[in-house]
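Peer 1: One letter stands for each residue in the lines below.
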Amino acid sequence: MLARLRAEGLTSDQLAACFRRMLRIREFEEALGDLFTRNLLGGTSHFCIGQEACAVGVVGALRETDWLVSNHRGHGHLLARGLDPYRVMAELLGRTDGYCGGRGGSQHMCAMDLHFLGTNGITGGGIPIGTGAAWALRYQGRDEIVVVFFGDGASNQGTFHESLNMAALGKLPVLFVCENNGYGMSNPAASSVAVPHVADRAVAYSMPGQTVDGMDVVAVMQATQAMAERVRAGEGPALLELMTYRFCGHSKNDPRVYRTREEEATWGERDCLTVAAQSLRDRGAAEAEITRLREEAHQEMAAVVERALAAPTGDRDHALGGVYA
Amino acid sequence: MPEELRQIFYSKAVNEALDEELARDPNVALIGEDIGLYGGAFGVTRGLFEKYGPRRIQETPISENSFVGMAVGAAMLGLRPVVEIMFMDFIALALDQILNSAGKLHYMYNGQVSIPLVVRTPGGAKGGYGPSHSQMLSNLFVGVPGIKVVAPSSAAQVKGLLKSAIRDPNPVVFIENKRLYPQRGPVPEGEYVLPLEKAVVTPGEQVTVVAYSAMVPICLALREALLPRGISLEVVDLVSLQPLDRETIFASVRKTGRLVIVEEACVTGGVGAEVSALVAEHCLDALEAPIRRVGAADVPIASSIELEKFILPGADDVLRAVRGVLEW
Ligand SMILES: Cc1ncc(C[n+]2csc(CCOP(=O)(O)OP(=O)(O)O)c2C)c(N)n1
Ligand SMILES: [Mg+2]
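Chains as they are written, first to last, in the working numbering: chain A, 68 to 392; chain B, 877 to 1204.
Errors might be hidden in some of the hints.
These stretches of chain B come out as covered by chain A in the derived footprint (C-beta under 8 Å, 3 or more residues) [said to hold, decoys possible]:
no.: 1; stretch: 931-944
no.: 2; stretch: 972-979
no.: 3; stretch: 982-991
Per label pair, the in silico range of CB-to-CB distance [as the list claims (entries may be wrong)]:
no.: 4; chain 1: A; residue 1: A271; chain 2: B; residue 2: I1181; range: 40 to 48 Å
no.: 5; chain 1: A; residue 1: D180; chain 2: B; residue 2: I1187; range: 46 to 54 Å
no.: 6; chain 1: A; residue 1: L387; chain 2: B; residue 2: R931; range: 38 to 46 Å
no.: 7; chain 1: B; residue 1: G1019; chain 2: A; residue 2: A271; range: 33 to 41 Å
Partial chain B-side listing against chain A, Cβ under 10 Å, derived [what the hints assert, rightly or not]:
no.: 8; residue: A899
no.: 9; residue: N903
no.: 10; residue: A905
no.: 11; residue: I907
no.: 12; residue: A950
no.: 13; residue: G954
no.: 14; residue: L955
no.: 15; residue: G1019
no.: 16; residue: P1021
no.: 17; residue: K1024
no.: 18; residue: N1046
no.: 19; residue: P1119
For the record, the hints were derived by calculation from the structure and aren't laboratory data.
All values reported here derive from a predicted model rather than from experimental measurement.
For every residue, glycine included, the Cβ atom is placed at its ideal position computed from N, Cα and C.
Bound conformation, chain B alone:
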């Protein structure tokens, strides 16, 4: 990224993408709770209501399943709705419409409709929000066909990917992250789009570290920290959790022979488990050590910040796993 780019917050980059897409396409409309004058629980939609008015920025009562269902119905008639689910945990209330409508209609109606819908939602913990407001629920969409799942890890990515998600003819669950909202990064102004299904590789030699969302900056920082010690990590930022960019993952593992998977979701039955299974299936011959997974413990996220630390993965856990695969 060139030096001269301005640095903006991840949350501002989301806002900028929404603003630009609203300006570009009259069929783009935002729908969700408190996204108007209030600007959303995390201030992401701030200023858009003033600029685009109540027709384009549709505020709703607290009725997640039905406003997602409404967005699906509107998408069938040509709108490109962008839904905000205030906290990712609340997506549970809208799962019916996401799984049974958004993800199935294009296939089951034999291509008569497409559902150009984006469901944006912040996953992950940010210190003390507690069990119902902290989970990274990427696991929920593993094995749910028809839906794309994207989890941007930086301000630039979130802008470029959100613009692509809005233009995509498929339903996209767009996982933002509360911990990333206040992180700054260089972001191009104006038109900037990134491919939805392409993992991003920061090259290294000895260990492949697959990560997504807020775990990526942690892994990149660790990579920097280990370089002077002669340990070279290749960080693969998945970007797309569904479909997975298998070729990029396989190529990296074949190069390094060692794999650590890092995610903020529970380790059991999720994206990391799927990556692990795929690598075992397709690259077993290339592995020089068992795959290691780092993720949240299989418990709800406790409210206490001190307890939260025991539950969520951190840089130390990644380091331990990296050592583990190197010393095996």
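For reference, chain A alone in the conformation it holds in the complex:
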């Protein structure tokens, strides 16, 4: 599938599969938001509503054995990698069926068997971890690569600069993927990143940097595939910047005072789901089919929530044990 991608784009089936994956993430996040509204969940979560094409496009262009490192906004990455939505939801709800038995939650979720090295609650904290995983892969002579997801805000952390520098020096097999959604919490990228694009920073670390439309899942896939190939071939790391937008607040309870409703509406016209649905229509998909996919994803996630809410939480031993290996 992937070998043909660059020359011909996606087949209609492939595009439909991407659309379906993005829908499931959107519906998962909406269902989760609803749980917060109903006060059934503690803490907070960072929804990736609007950024689904980044997760689906990037992960879809990789091998299943490639490793992923994510950040605090990681539900899309988790689901795109194929984690069971039920077990992800169970983790968010602090249930023992969750991937980390409720110890990790949204920002600390890992699935080693699916080569998912974890979401991360420290902005920029995952960047050196992914770089180190790439060091280990090279050390062990393996042909997998690592993809590290982070935001525009994280690109201002020292770890971003330190890690890109070290990855470049060691020609490590790591692809850095910045989801630039225009804001780090309330802080606009324009007032926190001193260059026009995060990808411009690649120059400082002698690696290719590219800015791509993060609302177009096909463009994301194509760019990722090209960069991943290069990284896998041993040519060193690369930096991919995906221009995107979160239609939700930074986390729950964000009144979004730092941006205008007009700006949101403008981006809304380019919602990755709208873009993908239009491509499907252009290729002759029936409206009824698109509606059916939406409905299906909605039902699936409703069932996931119901099942997860009924699952048990851990006991005292589970809370207090397991600190040391």
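Start from chain A and add chain B with the ligands according to the hints.
Peer 2: For chain B with the ligands alone, kept in the frame of chain A given last:
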């Protein structure tokens, strides 16, 4: 320790442990600044780069937080990285990855990963290095779960404990000491491992002196000096600062009824404070005098060697504290 053992420097014993573990396990790799041909700021890794090459001895730019983070990521995929932080003060730059990644991942990922990582670093003052290069920062890790902290006090210990730390499946902050590097001691050749969590007792009767790292030789010397005067100190070398070997500490205090705690770190809020609290909590009935703590004054370590002496604890301070608990 048998007579015939050769005497080597503490720094050489570290080197020997690294060398043997590199030879034993292909997943062991060293990572840090200037640890290659240069051999590290204190010459501890000298010769290893020539022997094992750049793949096993990974030199890094000056990026402490990220190379510790890299070591964590590599440990998740099966390496056993041994990081060198040039001076313990610089560990401040890597605390995020130590506290938030190394110490938490095993628990928060519900046992899916373990982090067999060693962060070696020389703490303590050695005369004139000044505020940013002299501190014993053992205090930083008190109350940080998920990390083991070990502070060897002799050449033999540092070899045996470092080998164990490298083989341990948990992150270990391994506190060496600049003052101990040039001290010699008898060290077994070849395979020699010591348990990470066991305090070492040099027996005595009247006062328990709990110490670690470079304060141990000072307390042992004082013990020798006081024996002819009929004062018998029991020196408990903590070895492990986290977890603490509580039973050994309690047993000693129950035996002597008097406790002096000696450390090179600031007295406030550190390992000594924790030992003191534990003993007060569990052995109050056995105490015949208030607990006394000896440590660095709560000030940065001044550069001037003369000023440094006022700040750091020495044998006189320990002696005064011992007298204090005996005469109470
Ligand atoms: C070290 C650290 N500082 C601050 C925060 C609080 N925080 C969480 S996410 C975030 C914004 C991150 O922005 P960006 O990297 O652009 O990701 P986005 O949220 O936009 O996806 C902040 C400030 C944190 N979690 N960790
Ligand atoms: Mg952002």
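Peer 1: Take the hints in turn and mark each one as holding or not.
Peer 2: Status of the hints after comparison with the structure:
no.	hint	verdict
1	931-944	holds (count 9)
2	972-979	holds (count 4)
3	982-991	holds (count 10)
4	A:A271 to B:I1181: 40 to 48 Å	holds (42 Å)
5	A:D180 to B:I1187: 46 to 54 Å	holds (53 Å)
6	A:L387 to B:R931: 38 to 46 Å	holds (41 Å)
7	B:G1019 to A:A271: 33 to 41 Å	holds (39 Å)
8	A899	violated (17 Å)
9	N903	holds (8 Å)
10	A905	holds (7 Å)
11	I907	holds (8 Å)
12	A950	holds (4 Å)
13	G954	holds (7 Å)
14	L955	holds (5 Å)
15	G1019	violated (13 Å)
16	P1021	holds (5 Å)
17	K1024	holds (8 Å)
18	N1046	holds (5 Å)
19	P1119	holds (9 Å)
In terms of the numbered hints stated before, the structure departs from hints 8 and 15, listed from lowest to highest.
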